[in-house]
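A.B. asks: One line per chain: the protein sequences are A and B, in this order.
Numbering of the first sequence is given in my numbering, commencing with residue 1244 and proceeding in unit increments.
Numbering of the second sequence is given in my numbering, commencing with residue 548 and proceeding in unit increments.
Just to be clear, a hint being listed does not mean it is correct.
Simulated crosslink set (DMTMM-like; lysine to aspartate or glutamate; CA at most 20 Å straight-line) [said to hold, decoys possible]:
(1) B:Lys-997 / A:Asp-1270
(2) B:Lys-893 / B:Asp-589
(3) B:Lys-945 / B:Asp-933
(4) A:Lys-1321 / B:Glu-719
(5) A:Lys-1297 / B:Asp-589
(6) B:Lys-797 / B:Glu-744
These aren't lab readings, by the way, just hints derived from the structure by calculation.
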Amino acid sequence: MVDILPRVLVEEIGYNSFAIQCRHCSDAPCVEACISGAMQKNKNTGVVTCNEDKCVGCWSCIMVCPYGVIKRDLSGKKIASKCDLCIDEEIPVCVQNCPNEALKFMDKDAKEKNLVGNKGG
Amino acid sequence: MKSKNNNRKNNKTFEDNETIDYLIIGNSAAGLAAAESIRELDRAGEIIILTAENYLNYSKPMITYFLAGAVNLDMIHFKDEKFYTDNRLDIRLNTRVKSIDTNKMFLITDDGKRYEFRKLLIASGGRPIIPKIKVVGAGSFDFIDGTNYEKVGGIFTLTNLEDAIRVKNYIEKNDIKNISILGGGLIGLKAAEAFLEKGIDINIIELADRILATTFDREASGIIERKIKSAGSNIYRNNTIEEIYIESGKITGYKLKDGRKMECSLLIIAVGVNPDASFIESGSLDMVKGIIVDDHMRTSVKNIYAAGDVVEGPDMLSGGKRNIAIWPLAVRQGTAAGVNMAGRNKRYGGGFFMNSVELLGIPSISMGITNIGEEAEGIEVLRDFDADRNMYRKVIIKNNRIIGVILIGNIERAGIYSGLIRNEIDISSVKENISREDFGIIHLPTDYKKHLVVGEGIEV
């Protein structure tokens, strides 16, 4: 059996629950702090991804992410794990599998359609 | 990554006697962040980068990963060759700056060449501190210091890739089974970890009463210390090396302050790093140990900027200027410097110390002020210490704002704390949650939570 490390975090207090994942910040602190060059923000799409081959598991990204949405993936070589917006999927996995359909996948207005991460961290 | 492309070195000569638009000293975190942000704003200006080293670039914090064999020379760079071509950066390797004329705006390199510039960034990083230590048996000298330690076989520092390669080769060539490390700080301990994994015995000599004394408190140091000892390393605290013994040009042993004599065939000096500003003539720029910069990374001389480990910049927590030699701040400072050099306006915004290090499988993160006396006025400390599980969480609060955090074992979501420090958030309403093991966004003060996550279609 393979352990799957969720890339969306669900926080709970009693019946209150709250899902949070990578915000793909414009001035992404994780990219700034990355010592290996693994964490990069794509200049065209704005998506922040971690190149698993380059990541050395120093956890500098965890140290600086104000949302606390980067996790340690210890299943193989130690690497940082975070939401990559399922960039190769038609619909993000979290949306496809949310049992309560609480997560939705929507286009922003046409102007901003192809750019994420205008909200800074 | 050694440059395969040395012809790029001389595609322009200075005999042209032209003035360079942007000249950058330093090819690491701060220098390259600056170069990248200059190029984003100025597509045409000429950017020349000078580096004393012979590598296209590499990540300094990763040299101990290289020693451990976790990364090889092909993976140790943090920017690839394409970065230089895409941004049209003219990189000059093996080019050490000798002096700068801050009035006439030119500099001279070791090879006698002259570079005139319109804007200069000094991002020359740091260099290791070598304490003066008495030596016996060297013949021509009675002390080692920064000028001659390299003449003794088996004595090394560990701040750049060349050092790491030399140490690695020396271990292999001389079949070293025992290494001594002077200094129980981050570099010393990361090196110790690398050697322990290779089955080499380690002696760590630390002047303070505990290792990692500047970033950790007693409990945190204790956890790491026990782990390192159980892995087979000796730690000599409250101690230092008084005398080094040399035979046939190589170190054979040393005497500790407590009188004990130790055998030694490889000594690493890792007591600390100072800003590398040796080429700056005294009085030409405002300096203490490092170059003083303002919130726009400007030095005291117009059109000369500085960033990274060489500066003393705005410290958010003290309100003064401080040298905080860490990667994330070097990048942030470099970025701000670059934008300002290109004629726009960007504040750096200040920083505070933080560090993440995993030693022998125990992850740890420390940030801010971690060693303040609990009796001090307005200081409150929340603590959760579980020595058996190697777990520790300490949050230091001053006037209802977090000013320091130590996390050992469980480092998940550490960045939420750095956000609270950076944004100076009043946490009095959520204090009981702050040191919970499952601490998260949901526990934050409502206004800050909104500031973080509110957006189109999102309500909190």
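A.B. asks: If a hint holds in the structure, say so; if it does not, say that too.
C.D. replies: Here is what the structure says about each hint:
1. B:Lys-997 / A:Asp-1270: holds (19 Å)
2. B:Lys-893 / B:Asp-589: Holds, at about 15 Å.
3. B:Lys-945 / B:Asp-933: Violated - the C-alpha atoms of Asp-933 (chain B) and Lys-945 (chain B) are around 24 Å apart, more than 20 Å.
4. A:Lys-1321 / B:Glu-719: violated (27 Å)
5. A:Lys-1297 / B:Asp-589: Distance ~30 Å between Lys-1297 (chain A) and Asp-589 (chain B) Cα, so the pair is violated.
6. B:Lys-797 / B:Glu-744: Measuring from Cα to Cα gives roughly 25 Å; hence the hint is violated.
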